[in-house]
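Asks: Fit chain R to the known structure of chain C by using the hints.
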Amino acid sequence: EAGVTQSPTHLIKTRGQQATLRCSPISGHTSVYWYQQALGLGLQFLLWYDEGEERNRGNFPPRFSGRQFPNYSSELNVNALELEDSALYLCASSDPRGGNYGYTFGSGTRLTVV
Amino acid sequence: AQTVTQSQPEMSVQEAETVTLSCTYDTSESDYYLFWYKQPPSRQMILVIRQEAYKQQNATENRFSVNFQKAAKSFSLKISDSQLGDAAMYFCAYKKANSKLTFGKGITLSVRP
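Line by line, the protein sequences are chains C and R. For what it's worth, the working numbering labels the leading residue of the first sequence as 1, then goes sequentially. For what it's worth, the working numbering labels the leading residue of the second sequence as 1001, then goes sequentially.
One chain only, chain C, in its complex shape:
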């Protein structure tokens, strides 16, 4: 069974540009979660999508947005990139039981803003 896949693995952007990160959940998982892992700050919750709808949003500015497609894959978009957006972005998925058995994570996208 394929795990959670994220692309690209690495992404280098210039300040002010837009970045698009992609995530494919495990087959059968309907929820997708995005986390930002900046150096020394642990995992900060960004977004939660379930059945195509945004269920919850973390304390991030509106330039962080995303969507979930009918096949449950998801996209995270970051507009007007700032230097402090440089981080590892982790995607996770969970089954329809709501993640009470834990999330399965991808290997992340390392975003570097220069």
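Be a bit skeptical, because a hint or two may be false.
[As the list claims (entries may be wrong)] Subject to a maximum C-alpha distance of 20 Å in a straight line, what follows is the list of computed EDC-like cross-link-like pairs (lysine to aspartate or glutamate):
1. R/K1096 x C/D50
2. R/K1105 x C/E84
3. R/K1055 x R/D1031
4. R/K1096 x C/E54
5. R/K1096 x C/D95
[To be verified] If you anchor each label on the Cβ, the simulated ranges turn out as follows:
6. C/A2 x R/S1028: 24 to 34 Å
7. R/K1070 x C/G28: 26 to 36 Å
8. C/H10 x R/Q1083: 36 to 46 Å
9. C/G52 x R/Y1054: 30 to 40 Å
These are computed hints drawn from the structure, not numbers from a lab. Where a beta carbon is used, it is the ideal one built from N, C-alpha and C, also for glycine.
Replies: Below, chain R without anything else, positioned relative to chain C:
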């Protein structure tokens, strides 16, 4: 809001010894779930162990076990017979029903050969 605190940023253990990683959390809920995740240098977060708050029995998974103290809101991870492959960052996490996972800041565990 729920918070998860891991007060020790780093720990070190001798290979084959036992180490305990601490975690405390704050919640007003009675029903919730607690997790420990491991993040090796490969960056992939791996679920180590899970505990349901309504279960008094501490969870165990091979060399990994927890000490869950609900009244004290404490959830520590014990790693027995430490191996070099256990070296990683470990995150404690909390979740209530219909909500997201909230993580602590993590602890870096090194294993001395």
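Asks: For R/K1055 and R/D1031, compute the direct alpha-carbon distance and say whether it is at most 20 Å.
Replies: holds, 10 Å
Asks: Can the restraint linking R/K1096 and C/D95 be considered satisfied, given a maximum Cα separation of 20 Å?
Replies: Roughly 15 Å between the alpha carbons, so the hint for R/K1096 and C/D95 holds.
Asks: Falls inside 30 to 40 Å, the C-beta gap from C/G52 to R/Y1054?
Replies: Distance hint for C/G52, R/Y1054 holds at roughly 32 Å.
Asks: Given the hinted pair R/K1096 and C/E54, is their Cα-Cα distance within 20 Å?
Replies: The given pair, whose Cα atoms are some 18 Å apart, holds under the 20 Å limit.
Asks: Given the hint that R/K1096 pairs with C/D50, does the C-alpha gap stay at or below 20 Å?
Replies: Status holds; Cα separation ~16 Å.
Asks: CB of C/A2 to CB of R/S1028, is that within 24 to 34 Å?
Replies: Between C/A2 and R/S1028, where Cβ atoms are some 39 Å apart, the hint is violated.
Asks: Does the hinted range 36 to 46 Å hold for C/H10 and R/Q1083 at CB?
Replies: violated, 30 Å
Asks: Holds or violated: are the alpha carbons of R/K1105 and C/E84 at most 20 Å from each other?
Replies: Since the Cα atoms of R/K1105 and C/E84 sit roughly 18 Å apart, the hinted pair holds (cutoff 20 Å).
Asks: Is 26 to 36 Å a correct range for the gap between the Cβ atoms of R/K1070 and C/G28?
Replies: At 32 Å between Cβs, range holds.
Of the hints listed earlier, those the structure fails to meet are numbers 6 and 8, in rising order.
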